[in-house]
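Colleague: All chains should be modelled from the sequences, with the hints used to inform the complete structure.
Number of protein chains: 2
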Amino acid sequence: MKDYLIVFSRGAGVFSMNLGELEKLVLKYFWQTPVADAKQVHAHFERSRGGSLNTIQSTLDRLYKKGLLARTKESHAYKYQAAKQRKAFIGELIQDVTQDFTHGSEGNLVAAFVSLSADLNETQLNELERLILEYRGKINSEESA
Amino acid sequence: MKDYLIVFSRGAGVFSMNLGELEKLVLKYFWQTPVADAKQVHAHFERSRGGSLNTIQSTLDRLYKKGLLARTKESHAYKYQAAKQRKAFIGELIQDVTQDFTHGSEGNLVAAFVSLSADLNETQLNELERLILEYRGKINSEESA
DNA sequence: GTAAATACCGATTGACTATCGGTTTTTAGT
DNA sequence: ACTAAAAACCGATAGTCAATCGGTATTTAC
Numbered sequence: 246m247k248d249y250l251i252v253f254s255r256g257a258g259v260f261s262m263n264l265g266e267l268e269k270l271v272l273k274y275f276w277q278t279p280v281a282d283a284k285q286v287h288a289h290f291e292r293s294r295g296g297s298l299n300t301i302q303s304t305l306d307r308l309y310k311k312g313l314l315a316r317t318k319e320s321h322a323y324k325y326q327a328a329k330q331r332k333a334f335i336g337e338l339i340q341d342v343t344q345d346f347t348h349g350s351e352g353n354l355v356a357a358f359v360s361l362s363a364d365l366n367e368t369q370l371n372e373l374e375r376l377i378l379e380y381r382g383k384i385n386s387e388e389s390a
Numbered sequence: 246m247k248d249y250l251i252v253f254s255r256g257a258g259v260f261s262m263n264l265g266e267l268e269k270l271v272l273k274y275f276w277q278t279p280v281a282d283a284k285q286v287h288a289h290f291e292r293s294r295g296g297s298l299n300t301i302q303s304t305l306d307r308l309y310k311k312g313l314l315a316r317t318k319e320s321h322a323y324k325y326q327a328a329k330q331r332k333a334f335i336g337e338l339i340q341d342v343t344q345d346f347t348h349g350s351e352g353n354l355v356a357a358f359v360s361l362s363a364d365l366n367e368t369q370l371n372e373l374e375r376l377i378l379e380y381r382g383k384i385n386s387e388e389s390a
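Those protein sequences? They're chains Z and L, same order as listed. Sequential numbering from 246 applies to the first sequence in this note's numbering. Sequential numbering from 246 applies to the second sequence in this note's numbering.
What you were told as hints is all true, and nothing was included just to trick you.
Any copy will do: because identical chains look the same in the list, a pair fits if it lies in one copy or spans two.
Straight line, CA to CA, 20 Å or less: simulated SDA-like cross-link-like pairs of lysine to any residue:
hint, residue 1, residue 2
1, K383, T368
2, K273, T347
3, K310, A322
4, K269, Q302
5, K332, V355
6, K273, D345
7, K318, A328
8, K329, V355
9, K273, V359
10, K383, N371
11, K383, E372
12, K311, N263
13, K273, D341
Since the hints were derived computationally from the structure, they do not count as laboratory data.
Modeller: Put into structure tokens, the structure is as follows:
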């Protein structure tokens, strides 16, 4: 007789689930198209990859349940839109996948820099410095307000 | 009669697969412990999470086949070790999960900065600037060599 | 040469995406 | 109010993958 309990858990991050290929495509679609219903999404993907309207509908529903799409019912159809802007999503994604491997004191971004710096060119370094300056300015003006 | 072919593919990135909870734990273990065999890994995890030696063995094998662990046979047991250092792994991970969502011209790191900057404190900004300077220095000395 | 340690094989379970047929619900128009 | 169309909803199936572990084949040490 087992006197213990085995608990299985998958994913502890922001999303706690993985994204399939179609889900990724649909997300990208909604970063280009503010609002669309299932029919429109289906029309958009029918040519490039096929698939039935039902497949699109259940994918939209899955993304909605994951909190990645928002929806409102308008007459008899749901209108979907991205729940997060692309960059915010990417940020959460990075946090999600890295948090298991980064230590508390070590910022994810700093880890990312160390990890990716080998691929950086001068232009990107300049851009990054510019962003840091810009961000510093924002902090300071907030503090003095 | 179907005259078309449906191709399913999951993941196109560096790893082209996902990591389970145990796999993550084992990876982290090998970033702290340079070399270990299945028995040692099992001994380490037995207390905290249980599981049989076989489970550890197949997990090690899976990580090996994914290229995340290296192994050499020593007498009758494989000795495993991390194939990638932690930060390199994190870098590839970030690239992997973001590449579907970032545009070619936009560096992943720059995207990461924009995404994560809301969480940055002054210390981390300083650290980042320091890293940029350091990295610039490295580039320059390589160029003049 | 045998016993112990380890690798190897294969099966099962559970989670998740993709897919789509069929049924129910909702709404618009008459 | 009735009906037809549209859409949502339900449920089934297949494929991928991690986790798990029993059983068998190898390998090595003595």
